[in-house]
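Chain S is already provided as a structure; the job is to place chains L and D on it using the hints.
Residue numbers (the working numbering), protein chains in the order written: chain S, 1 to 79; chain L, 1 to 518; chain D, 1 to 367.
Some hints here could point you the wrong way.
A few chain S residues that face chain D, going by a derived Cβ cut-off under 7 angstroms, partial list only [stated by the list, open to error]:
no.	residue
1	V4
2	G6
3	G8
4	L22
5	A47
6	F68
Calculated from the model, a selection of chain L residues having no Cβ within reach of chain D, i.e. all distances over 10 angstroms [to be verified]:
no.	residue
7	E20
8	K220
9	V228
10	L299
11	G443
12	W487
Just so you know, these hints were derived from the structure itself, not from any lab. Cβ coordinates follow ideal geometry from the N, Cα and C atoms, glycine included.
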Amino acid sequence: MNGVVGMGLALLCGVLQWRFLLRAKEPGAKTARLVWCVLMGAGMVAAFVAGRQDFPSLRPLGWLETVFAPLTRWLYEVG
Amino acid sequence: MRRRQGPTPVPQQAERAAAELERRLMPCPDLRQQSLAVAGRTAVIVWLEGLVDEQRLQIGLGAFAAGGRDAAQPGWWERLGLGQGRATAESRRGPVPGGRSPLLPMRSVRHMEAAVEAVLAGNAVAFLDGEPFATAWDVEKSPGRTIERPENEPTLQGPQEAFTENLGGNLALLRKRLKTPGFKAEPWEFGERSHTQAALLYIEGITKPELLDTVRRRLKYVHVDAVVDLNVVREYINDAPFSPFPTTEETERPERVVSSLLQGRVGLLIDGSPNCVMVPVTLPMLLNSPEDYYMRFALALPLRLLRHLMFWSAMLLPSLYVALLTYNQDLMPTPLLVSVAAQHTGIPFPTVIEALAMMVAFEALREAGTRLPRAVGQSVSIVGTLIIGDAAVRAGLVSPGMVIVVAATGVASFTLPALGLVQVTRLLQFLFVSVAALMGLYGVVLLAVATVGHLVSIRSCGIPYMSPLAPTVWSDMKDTVVRAPWWAMRQRPRQFEPLDSRRAKGRPGQRQKRWWAR
Amino acid sequence: MTQISRYQVILMLVWVVLGTGILTMPGTIAQFTVHDAWLGAPFLLLGGGLSAGVAWVHVRLFPGLTLTQAVRAALGPWIGGFLAAWLCLWLLITTATVGREMSAFVTVATLPNTAEYVVGAAAFACVAYLVHLGIEVVGRVNEFIMPLVLVIVPILFVLALRWFDIAAFQPVWAEGFTPIWRSGIVPAFAYGLEFVVALQWVPALRTPRTLPLDILIAAAVSSLILTVLVVETVGVVGWPVKYMNYPVLEVVRAIRLGKLIERLDTVYAMGVVAILVLKLSAIHLSLCRALQDVCGTQDARWAVLPAAFAVWAASYFLFRNTAGVTAFILSVVPGYFLVTAIFLPLLSSAAAWLRRKPWRRTAAGRL
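Just chain S, same shape as in the assembly:
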């Protein structure tokens, strides 16, 4: 369901920012448009995946845990 809500919200954002998406000519506008699309695309995929209950093994923050959990453990232990 939140995949559908996500699509709707993304569409709304696109409508609200059509002027920026089509006409912006300021410096960095090309990169900004690319980032806009990446954020929106990633957001829609994330909303769709989050709405499905059949991805039990997905741990999107697992890599952060792998990298930083040891440091955090050390912080707890150092005291």
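Below, chains L and D without anything else, positioned relative to chain S:
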């Protein structure tokens, strides 16, 4: 395509000139002409009946007939007791038969267009044979009402004079309260067809010049054919044109204008409008009533607190009721909840529909009460609120609690001194009820935060709308929610950055003291 | 040029920490110690001090630059660009975590039958609107809400004191320093390092050089409020505080005043919602500014809506449930924030100091 023509010179034959003027104005049944013999030459004097002071006109006619060129000799007009006339911005001073009177300024007009304008502005225009110009003098006395009590901003105490539709009279009401050469009334004219006169008011030495420049710059953008009311100009100079919140202040009370000018603000009076618009304005100012300054300061505090509370109540009360009944029943004490639930038994509509229906009905009654003649309007209000409300409750269409909430919301909005704010609360309460129906108190809080965000984002001529609350200006808090005693408000509001920040100087180098602080 | 005052900065920073602090921090601290939980709260000052130190170095080495601009200027377009993107991700994950905490709390406290993602969407719509209006507006909303908080919070505090039992704190320091230190890890390294988001506001500050002091003041105020809150929560709820997700909510639920007031928790929940919106807005401002710096645009408004949308989706994608959020905060965030908010800015400062190049856009100071 119409070809643009140059100005038409005044014909040297008086009869022909008068006929030309009549041709331009006709059909014009109120145009009057009088032929005279002046120094052996024919003169025709033209004016508009009803727009001039008959007595001054007669005196002027007599003087013109008797004096001819002598009429302009120094002292002639004073002896006749004629007053100072008002010259329009377009007037081109030039040679007048025999010179110029110091008291009744006569001016010559060289073109027919200017002559027509002068007649329309309430001047008498005289054409003299053999002269390539006409002579105009101001005998204007437009019809209008006399000074009355302020109807829209009534107070129990304090001055009881209100502006009228006459610009000159309104300026006089200000001048008699502000006898300082620093008080300036800068002449402006709006409307390509209406040529409406206006005056930009400020006090030199107090008002920040940048503020004045901002207002002047915006006024230059007023391009309309006619200014029939102040609102036309107000919409042109507004800061946030799409915001429902008013970013200008209007008043019909001269003493409020004087107070505003002394704070370092700018006013604008327009001929034909009984109100003065003042900028900049902040939301806390719109919640102040003139009465606050006419009563003891300690009594003004609870009244101001009440008004602040009522402002938010007028927007939020129905939505809070809907949220409590629909989502957040736990906030109600059990006995009250049982009572309210019992009231709702048998009501065929969901709470939100009931609320919206009642609010629409209330707004319709309020609108009817405003539009109808006063006697009928009062009857409609009484019939609507008492009889129809009671009948609706008895018929089981609405619950008594809902009637109370909607009526209380109406009463809350009536406590607000600024009409613009009342209209905003009338509008926003519907929005709040809608979000309350969707998400309960959570929706109401989110919309309230967004509303506060909107309020703090708008400005009035560069001044933040919510100052001195946000951004906080501690020194200006003396006249916001509390009203400090006059002897404690020695500084003008800092937010307007007045050139002279001290209200009274006292003796140089001496600290101001109260009589009891010896 | 939009500028915000020191008072506004301090208020924004206080709510950045206390937004979720008043929601979950007493419970998080009580995971490690209950008797001495009140000694864990002041550790926030440690995080605040570290953040102030980073800010002190930053505003002197990179006057007028945001953290992302500084990183790119000091470490070049490739390494600097990567680290700037890392900072964007950090801000995105932080905002998503707060957003998820908020929607979970609202669903538990007041809207049990509404879907969490709808609750979150409404909150992010409000946040996007405020951020779209700019940092000045966010600062002023903080100022406007402050007096209301000053009126409501003391009333709730006094009303809840009726159930206060000092025995919950005895014996004092009985378990040694280790549980106290552990209870202070999250306040110090998760919440205390959130102050670093203020480095993204530097170009909009009226007096950027006072930012370190402002962070210290905000940390002191937040520590004081948090300590009082922990004392009250532990004193009222007692030992069970260890097992509660939202212990302060339970404290407010305990308030009774005759037949007039039976439940006040919804009022508390609404206050928390308002404060959380401000917290989200403050961090979202930083995120949008970071995206602006990465793309090199003149304005950050284009980023407001897509970033809000991505954060909203991420808040449900990254965490399966509230337990996942709590586990992330306890086991990952302290280390993650320490590296990202302290080591990374210090790395760019060290690089700048070593290379001794004039990074500034303005000619106001010298490196």
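Taking the hints in turn, this is what the structure says about them:
A hinted interface residue such as S:V4 counts as satisfied when its beta carbon comes closer than 7 angstroms to some beta carbon of chain D; here the least separation is about 10 angstroms, so the hint is violated. Against a cut-off of 7 angstroms between C-beta atoms, the interface hint on S:G6 holds, since the closest Cβ of chain D lies about 6 angstroms away. With a least beta-carbon distance of about 9 angstroms to chain D, the hint placing S:G8 at the interface is violated under the 7 angstroms criterion. For S:L22, the suggested interface contact is broken, since its CB lies about 12 angstroms from the closest CB of chain D, more than 7 angstroms.
Of the supplied interface hints, the one on S:A47 holds, with its beta-carbon coming within about 4 angstroms of a beta-carbon of chain D, less than 7 angstroms. With a least beta-carbon distance of about 4 angstroms to chain D, the hint placing S:F68 at the interface is held under the 7 angstroms criterion. No Cβ of chain D comes within 10 angstroms of the Cβ of L:E20; the nearest lies about 60 angstroms off, and the non-interface call holds. Distance to chain D confirms L:K220 as a non-interface residue, since its nearest Cβ pair spans about 26 angstroms, more than 10 angstroms.
The Cβ of L:V228 lies farther than 10 angstroms from every Cβ of chain D, with a closest approach of about 35 angstroms, so its non-interface assignment holds. Non-interface status of L:L299 relative to chain D is upheld: no Cβ of that chain comes within 10 angstroms, the nearest being about 22 angstroms off. Interface exclusion of L:G443 from chain D breaks down, the closest Cβ pair being 7 angstroms apart, not more than 10 angstroms. Every Cβ of chain D is farther than 10 angstroms from the Cβ of L:W487; the closest lies at roughly 26 angstroms, confirming the non-interface assignment.
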